[in-house]
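**Q** Read off the chains here:
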Amino acid sequence: MFDDIKTGDLTWVGHETGRADLIEKLTGEATFVSDMELPGMLHTQLKKSPYARARIKGIDVSKAESMPGVRAIVTGDELDYHIGLYIVDKYILAKGEVRHYGEAVAAVAAETLEQARAAAEAIVVDYEPLPPVLHHMEALKPDAPLVHPDLGSYSYVEAVFSPKAGTNIANHMKVRKGDVEKAFAESEYIVEREYSCPSVQHVPMETHVAIAQWGKGDRVTIWTSAQSPFTVRNLFCHAFKLPHSNVRVQVPYVGGGFGGKAGIGIEPLCAVLSRKAGGKPVKFQASREEEFSLLPCRSALTYRIKTGVSAEGKIMAQHMSMYWDAGAYADYAVNVTRASGYSAAGPYEIPNAWVDAYTIYTNKPYGTAYRGFGHVEFHWAVERHMELVANAIGIDPVEFRLKNALKPGSRTLTGEEILPSTGNVVKCIEEAARRIRYGSITPEEEARQKKTGWKIGKGIAALHKAPAIPSFTATAVVLKMNEDGSVLVNLALTDYGQGTYTSVRQIIAERLGFPIDKIKVAFESDTDRDPYDWQTVASKGLVLSGNAAILAADDLLEKAYAVAAEALHANPRDLANDGDKVYIKHHPDKSVRFAAMAVGLALPNGNGIGGPLIGVGRYIAQGLTNLNKETGEGRPALDWTYGAHGIVAEVNEETGEYRVLKIASIFDVGRAINPDLVRGQAIGGMMQGLGTAVCEGYIYDENGRLLNPSFTDNKIPTAKDLPLEVECAVVETPQIDGPYGARGVAEQSMISVAPALGNAIQKATGAQLTHMPMRSEDVWRTLQNKEPIDNWITKSPVGSCRSAPEARRRDE
Amino acid sequence: MKIKLTVNGLLYERECAEHRTLLRFLREDLGLTGTKEGCGMGECGACTVILNGHAVNSCMVLAAEIDGATIRTIEGEANGPSLSDIQLAFEKNNAVQCGFCTPGMVMSVKELLAENAKPSADEVKEAIEGNFCRCTGYTQIVEAVMDLTGRPEEKGELDHV
Amino acid sequence: MPMLYEFRYLAPKSVAELTATLREHASDGKILAGGTDLIPNIRNGLQKPGFVIDIKKYDGADRISYGADGLSMGPAVTINDLLRFKDARDRYPVLCSCAHELASHQIRNRATVAGNVVNASPCSDMAPALLCLDAQAVLRSGNGERVIPFSSFFTGVKKTVLQPGEFLERILVPAASAGVTGRYLKLKRIAGHDLGIVGVLMTKRDGEIRFGVSSAAPTPVLVDTVTTKDSPDEAAAKVLASVSPISDVRGTKEYREHMIGVYARRLLAEVR
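Protein chains in written order, with the numbering used here: chain U, 1362 to 2173; chain W, 643 to 803; chain V, 61 to 332.
Only chain U is shown next, with the shape it has when bound in the complex (with noise of 0.2 angstroms):
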């Protein structure tokens, strides 16, 4: 959209302006879910499955129900909502068996946290533990334990899913391109490796929290720390049979997401709680530890890649199997593993490609959106593969990945042609390179060497992701002209600090003329109050709600040049405006105010005409169609965000210590609306993936207790983390539908540092790491070819590190 839209001499896109939130933030005076304290407002606690799976033989109440304070006590047998976003799979409560430790059993509402906690410990749950099923690879033997032995007859989405019924399969994606069997047998190498990395935390640093309150009349109101409002609603409708318009989703300032508030989370057990006390509303926020173990995690992955490649260097064939860890319910991992599997060979051309994407129950929290849906896991395993690849037949891997990239006329695993416009992988890449000084060790670096004793090396990893959205995926976005003709926008994305509504501002600013001042983002969404939304994922907001701003400022101006035509008698084609009045372009002098027109204009005989100024743009993604279930053919994408970063590293061989002394991120943006954001986006995203990279992880014993549900053994990066040295740089290839060329960059930023981590260990020490996270000791046991075990479901933890060298020419 919007190629003929001017892009040089903007006024605020492309600029620094200030956050439209941060007032309210610095003061303290923005208001969280969990900040909120309602009339009659009753607390919640759990009662908690300490069993991986487990037969619920009873469930004793009778002494919690009589308790002080004690409201409403809710238990799974009497309730019978399935609740699901792809695949409707998952209970409120446990009902009948429990399926993860941690799962929630029974809920208790009381006047006080202290007398819900009370109750909730009174509360006796009768187990009958059954033999969990914890590692997906297990969970595809033919003899394994069935976590949900009656998916054959759950309902799904069936246009774009495919469990497998009597399997743990929660999905099976499928990508076939040319002929690979024939391409293997022409290739010059062939190198087969396989990668892994465990489920991790989102940490928002506010946990979830919700609020409901159920009215009479069925009618229900929801107060929730979530991103999706419209998704909260829509999905708690389905499930109670419930008409929309008697729910109402409302979403205040939330703090942080990162995809683990994306769907539905707590939203309906408050509700029944509510429903059962008779309406008084009821406020359930996790714990951290709950936060770990309750509410969803980001999956683990395994996955297996096997490279033909041609004597020049060039990817003939890639057979790609991807094992994704669903936890005990589907959630978002059926469409990660869909994303993954359509995205799976990473920014490179692929002529004959054969992907299985596998999405498998197993008995752990389950997994769900998390900053970059896949992407941060797979291209950990396809940019270490490039590596490995490169090494194996004994060229640069940088120059192997230029040589392979998707370039203007490639083709994408589903078919889809790259264009020009479509952004510029390799550019990228080469900045990313230059920058860290690729493939030489200054003179500084020597000597930082001998000081140290530490060995330099220096990783490139590439990336690439489009949002994982539904075909029809579409926003809307509302201006309403206040009476001083300043604008107030309403829109159902939610900006949890992305900036989106910044950006968004600018937009609006910039399409209408106005001074920034002149425009208000109205914070706190409202299903009842603002135009629909989809879901704030997937780093369509800026494209798609930016588009939406386009035409809402379009809408507003044309309405109200109707207004001004008429007062002036002029034609609307000759009106133009300066921020304050409408005003004839060649009669300059001829104008009418803004403020005169906002809620409707009188006449000078008293007459009024136009009324209230409202501009409405509704946007819906272009052109996007189902994947063929067959082949993958089809067209996923809204846009590609490609980006690379370049890390230099210093590591201790005899320990497996290392820094990273530099990292510098490139992507192409396509175009910086607020410069300043998109560095908070590169710099915040860089850093989770460091933690992904370097420290986070669940460990189990082996009956499926998390052992590290909390910060004490479940470390994220801190201030003194950083790199010592950050850069960030932005390539700009305007994409034509983009709003003035921009593309979304809120994931991308995590994506593949952990893998360009991994290539400058590598690079330093001759590690061959292909499990993250890379803790020291893991580097350690790599370079001493320890045995390789893997201690993320373990009965006594111990170190973690796997190598499976399987590169070998094809003739050997």
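FYI, nobody ran anything at the bench for these hints, they're computed from the structure.
Hints are not guaranteed to be accurate.
Unchecked claim - Below, computed lysine-lysine pairings styled on PhoX-like, alpha-carbon distance capped at 20 angstroms:
| # | chain 1 | residue 1 | chain 2 | residue 2 |
| --- | --- | --- | --- | --- |
| 1 | W | K760 | U | K2081 |
| 2 | V | K219 | W | K646 |
| 3 | W | K646 | V | K116 |
| 4 | W | K646 | V | K117 |
| 5 | W | K644 | V | K73 |
| 6 | V | K116 | W | K644 |
Assemble the complex: chain U is given as a structure, and chains W and V must be docked to it using the hints.
**A** Just chains W and V now, kept in the frame of chain U:
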């Protein structure tokens, strides 16, 4: 038991359970919800307030044990209707994203600057290492403090290639 | 919002009142100092004392001083009180560098030196320094006072010689240990605040070498058998002979042993 606290210059007197944390006392009894809870375990720093001049995790302090103390919270940071210098520096340097860690972060910076008027970047990082931020990657927060203390040149830029 | 389990809060205003309170609540009372371990433990239900006895409220509890006997710290002296005390910084750099490695700034403002050793966690950061500096624990109860060197203070994981009704009234670091130099190497999972995977302190005084090791055995370990004549390998072997690390979520026994050896060699090589 009866607790008297001076918070942001105002004296509060409240009846309070003996096992109440300072965090809950501030948020629930005084309605000062600017101070946040991120973990309840003293790991994340979202609940940082200044107790008798020193930054502490208010989730690990009992209201009962600090009867008579002087507390500063985020609500007392602005100068009347205007933002404080720290807040202005955060604003100018885009040091806020979701905003949940921000109140605690500002409190940690406040104590740092009270003790050390011109900290090095490493000293800033050390002062805020107890404040988790999952959004910003910390860089723009460190830059805000460097800017505020006369080193605006430490600020990085988004380069255009 | 998570909450603490209920308890009664007691704040004895004198040592006599404190000892009486401790005697009365020997079985259902817990001493509160900085609270950085006790309060999370109560929140998590790991400890459910009926009475929490604040040790900070008697006169002198937070006293830190330096005199002819050396450095004396009351039970309410926080880690940052120690770090802000000039005599400590000037005379006991080893103690301060270990203190500085402990947790985050906010925690150091609250956590006490005494609490860090009374908890007797194997990963105590203060214990290696107190062991190497010949520090002593002055324990008090209604029955009087006894002085225990830290080398005999720890008896097991989270266990000490403290008897019910008894409290750590003072930590004494002898004047003879002033000026001892050394370095503490702590292996962590991140650069920011973290519990140690292992920690190795080496101190040197008048040619005498000592090692204090944390996260390597049921208790913090003192190794005083190494001499400057030992090669780094010999030193590492002696230190390793004194420890018995386990495998847990932070690291394996194998890696811990390796790193203790590396650190011991590295530290000794620096002074040889």
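**Q** Each of the hints needs a verdict: does it hold here or not?
**A** Hints, one by one, checked against the model:
1. Taken as a hint, the W/K760 and U/K2081 pair is honoured in the structure, with Cα atoms around 18 angstroms apart against an allowance of 20 angstroms.
2. For the given pair, V/K219 sits about 37 angstroms from W/K646 by alpha-carbon distance, which is inconsistent with the 20 angstroms threshold.
3. Between W/K646 and V/K116 the CA atoms are separated by roughly 18 angstroms; this keeps the pair inside 20 angstroms, and the hint holds.
4. Between W/K646 and V/K117, the direct Cα distance comes to roughly 16 angstroms. Compliance with the 20 angstroms bound is thereby established for this hinted pair.
5. Distance hint between W/K644 and V/K73 is fulfilled; the C-alpha atoms sit about 17 angstroms from each other, no more than 20 angstroms.
6. As the CA atoms of V/K116 and W/K644 are separated by approximately 19 angstroms, the hinted pair is consistent with the 20 angstroms bound.
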